[in-house]
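Asker: Those protein sequence lines, which keep their order, are chains R and D. The letter at position 173 of the first sequence is residue 175 when you use the working numbering, and the numbering goes up by one with no holes. The letter at position 90 of the second sequence is residue 698 when you use the working numbering, and the numbering goes up by one with no holes.
Hints were generated in silico from the structure; no laboratory data involved. Warning: the hint list may mix true and false statements.
Dumping the calculated DSBU-like pairs for lysine-lysine here, alpha-carbon to alpha-carbon at most 30 Å [unchecked claim]:
#, chain 1, residue 1, chain 2, residue 2
1, R, Lys483, D, Lys682
2, R, Lys435, D, Lys734
3, R, Lys303, R, Lys181
4, R, Lys220, R, Lys262
5, R, Lys466, D, Lys693
6, D, Lys734, D, Lys693
Pulled from the structure, derived: some chain D residues nowhere near chain R, Cβ distances all over 10 Å [stated by the list, open to error]:
#, residue
7, Arg612
8, Gly624
9, Val631
10, Ala633
11, Gly640
12, Leu660
13, Leu679
14, Arg688
15, Asp689
16, Met692
17, Leu696
18, Asp705
19, Lys712
20, Asp713
21, Thr726
22, Phe732
Just so you know, even glycine gets a beta-carbon here, dropped at the ideal spot from N, CA and C.
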Amino acid sequence: MANESLKAKMAEYTAKVEKAAAKNPERQNLAHNRLYTPLDIEGFDYERDLGFPGEYPFTRGVQPTMYRGRFWTMRMYAGFSTAEESNKRYRYLLESGGTGLSCAFDLPTQIGYDSDDAIAEGEIGKVGVAIDTLKDMEILFDQIDLGKVSTSMTINAPAAVLLAMYIAVAEKQGVPADKLNGTIQNDILKEYAARGTYIFPPKPSMRLITNIFEYCSKHVPQWNTISISGYHIREAGSTASQEIAFTIADGIAYVDAAIKAGLNVDDFAGRLSFFWNAHNNVLEEVAKFRASRRVWAKVMKERFGAQSPKSWMLRVHTQTAGSMLTAQQPDNNIVRVALQTAAAVMGGTQSLHTNSKDEALALPTEDSVRIALRTQQIVAYESGLADVVDPLGGSYYVEALTDKIEKECWDYIKKIDDLGGAVAAIEKGYIQKEIQESAYRWQMDVESKQRIIVGVNQFQIKEKTPEGLLRVDAAVGEFQKNKLAKVKAERDNAAVKAKLAALEEACKDESKNLMPVILDAVKVYASLGEICGVMRKVFGEYEAHVSL
Amino acid sequence: MEKRIRVLVAKPGLDGHDRGAKVVARALRDAGFEVIYTGLRQTPEQITEAALQEDVNVVAMSLLSGAHNTLFPKVVKMIRDKGMKDTLIIGGGVIPDADIPGLKDAGVSAVFTPGTPTGSIIDFIKTNVK
Numbered sequence: 003m004a005n006e007s008l009k010a011k012m013a014e015y016t017a018k019v020e021k022a023a024a025k026n027p028e029r030q031n032l033a034h035n036r037l038y039t040p041l042d043i044e045g046f047d048y049e050r051d052l053g054f055p056g057e058y059p060f061t062r063g064v065q066p067t068m069y070r071g072r073f074w075t076m077r078m079y080a081g082f083s084t085a086e087e088s089n090k091r092y093r094y095l096l097e098s099g100g101t102g103l104s105c106a107f108d109l110p111t112q113i114g115y116d117s118d119d120a121i122a123e124g125e126i127g128k129v130g131v132a133i134d135t136l137k138d139m140e141i142l143f144d145q146i147d148l149g150k151v152s153t154s155m156t157i158n159a160p161a162a163v164l165l166a167m168y169i170a171v172a173e174k175q176g177v178p179a180d181k182l183n184g185t186i187q188n189d190i191l192k193e194y195a196a197r198g199t200y201i202f203p204p205k206p207s208m209r210l211i212t213n214i215f216e217y218c219s220k221h222v223p224q225w226n227t228i229s230i231s232g233y234h235i236r237e238a239g240s241t242a243s244q245e246i247a248f249t250i251a252d253g254i255a256y257v258d259a260a261i262k263a264g265l266n267v268d269d270f271a272g273r274l275s276f277f278w279n280a281h282n283n284v285l286e287e288v289a290k291f292r293a294s295r296r297v298w299a300k301v302m303k304e305r306f307g308a309q310s311p312k313s314w315m316l317r318v319h320t321q322t323a324g325s326m327l328t329a330q331q332p333d334n335n336i337v338r339v340a341l342q343t344a345a346a347v348m349g350g351t352q353s354l355h356t357n358s359k360d361e362a363l364a365l366p367t368e369d370s371v372r373i374a375l376r377t378q379q380i381v382a383y384e385s386g387l388a389d390v391v392d393p394l395g396g397s398y399y400v401e402a403l404t405d406k407i408e409k410e411c412w413d414y415i416k417k418i419d420d421l422g423g424a425v426a427a428i429e430k431g432y433i434q435k436e437i438q439e440s441a442y443r444w445q446m447d448v449e450s451k452q453r454i455i456v457g458v459n460q461f462q463i464k465e466k467t468p469e470g471l472l473r474v475d476a477a478v479g480e481f482q483k484n485k486l487a488k489v490k491a492e493r494d495n496a497a498v499k500a501k502l503a504a505l506e507e508a509c510k511d512e513s514k515n516l517m518p519v520i521l522d523a524v525k526v527y528a529s530l531g532e533i534c535g536v537m538r539k540v541f542g543e544y545e546a547h548v549s550l
Numbered sequence: 609m610e611k612r613i614r615v616l617v618a619k620p621g622l623d624g625h626d627r628g629a630k631v632v633a634r635a636l637r638d639a640g641f642e643v644i645y646t647g648l649r650q651t652p653e654q655i656t657e658a659a660l661q662e663d664v665n666v667v668a669m670s671l672l673s674g675a676h677n678t679l680f681p682k683v684v685k686m687i688r689d690k691g692m693k694d695t696l697i698i699g700g701g702v703i704p705d706a707d708i709p710g711l712k713d714a715g716v717s718a719v720f721t722p723g724t725p726t727g728s729i730i731d732f733i734k735t736n737v738k
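Please work from the sequences and hints to get the whole structure.
Answerer: Structure (structure tokens):
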């Protein structure tokens, strides 16, 4: 047996290096083995475990040629201040070679409040662009052809409203809904678990989501109706395995809900997309991407009986890890982002946002955004990493790690199934608790220097106060409030009242799809806050599970 | 027995990023403080009310949305207006250095930015709490 010989030689090697290590000890607390050999992937079956790119179980990627045909979409997440300002940034990004848009909304927008709401004070235009009515959306996409660009919108609880506004703007540009390309995040479960911009309780939230699946399968067929997101779970402190496990568990809950609502799995599953974090440990990240595709393919084929290969594919957008940026020596972040970009590309992402070096301090300036975009372009055009499909496939280490992460993922999915699924697990606080534990462990490892963060707990220097940070003009709030007041004065208020009343009735009738009714309301310039206000009245609001 | 220091960890504003708040809360608890965490999206009124109800010695606010210049001073003012003159009020989050002097002038005793070891927050509280 070849393996017997290899086992013997491995034992010899281990004995030898342990003896040497007694004199020159290895670093402590290394997460993985010293060396990986064929012994670590015993039972590995190429055709079963990897197969070919573009084929089940998609371990090697979802497209047959990956980046040899077309690079990933370089999609920079942007948005701040007003629609007027953000429109300028979007056009700048497209002119600089960005190949897709990604809209950041301010917090009042994400939580369904208008800019004139008292709770919005101090928050207007801060972390993204403020959208109150269709008017803002028209300005946001002014001179941008929605028939040509693909747009991702980070919007969750009010996703239906923003999607309706996007469809309405396109219609005004003469672009029919079935020609639109883009994504709404629309992932409420991770909002409860990790990101915090929830509005309604789980039941009506899941209804809104399945309403969108159904509506888009008929009218906006090229739209990605959800971006099931591990990114924020990871940012909140989870491990790599937890990131994909909790996210795939969320995915299972959405598919379950849609099937319960009477949809055929193959009618909507091909439009589900995912969102991963590209974190610091390059090879662990690559293995995570590969494992996640294999798990999802099995879930869809074996658990849900999906027939269409499109339904089995885990297509993913990626963002480099914001929480790994340091406020100390911010130029070092350029290097971190480059490594994270390499991981996402070797992992086979479909699109990527790269963070800017100054984001641990403020929103990024135009210059630092350009460096972040250039980082992607350098990896694409110069590094060679994009020239071969799944370049790390077959590495003993990466295959063993892919298997390990997959196993940990299945273990969590089993646990969550036992708790009654992702919704129940979140309501019980289980997922939040697991994430918090990991976050705390990370922080303690940093503080005890078991984990070194360059410039933070080692290699520090005395630094000057950083200069040239982007500041959102404090006058944005007033500007936005005035614009809203003007829209409210000029629109047909009787029509608004009628459409909002129709929405209220539809909310009360669970058999109704809310998308057409919301579309009617946005077209007469009913505001986001008014529409969400009606839904708040009927659906109530989510009470968070708070625990330490 | 010496009375334990009571800390309210509060999330004013609308942002949902509470990794930092929860890590700090847990570290303070492990350091022997009594810790109450408000949860997300607390208005200045709610934070003040919680500080009163829980009779805390310290209010530690965490905010990552950029609304700190509006909300931190508002919380300080409300807490002082309710007669809690000795309550130590501190803040943390993604806060540009340039904003810190203004926040201190408004009565925020210290502002802790990314990369701060939890030990420095614990030491600051122990040294400055009344």
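Asker: Decide, hint by hint, whether the structure agrees.
Answerer: Going down the list of hints, with the structure as the test:
no., hint, result
1, Lys483(R) - Lys682(D), "holds, 21 Å"
2, Lys435(R) - Lys734(D), "holds, 28 Å"
3, Lys303(R) - Lys181(R), "holds, 29 Å"
4, Lys220(R) - Lys262(R), "holds, 18 Å"
5, Lys466(R) - Lys693(D), "violated, 34 Å"
6, Lys734(D) - Lys693(D), "holds, 18 Å"
7, Arg612, "holds, 16 Å"
8, Gly624, "violated, 2 Å"
9, Val631, "violated, 5 Å"
10, Ala633, "violated, 5 Å"
11, Gly640, "holds, 15 Å"
12, Leu660, "holds, 19 Å"
13, Leu679, "violated, 5 Å"
14, Arg688, "holds, 19 Å"
15, Asp689, "holds, 18 Å"
16, Met692, "holds, 22 Å"
17, Leu696, "holds, 20 Å"
18, Asp705, "violated, 5 Å"
19, Lys712, "holds, 15 Å"
20, Asp713, "holds, 17 Å"
21, Thr726, "violated, 6 Å"
22, Phe732, "holds, 15 Å"
Violated hints for the displayed structure, listed by number in ascending order: 5, 8, 9, 10, 13, 18 and 21.
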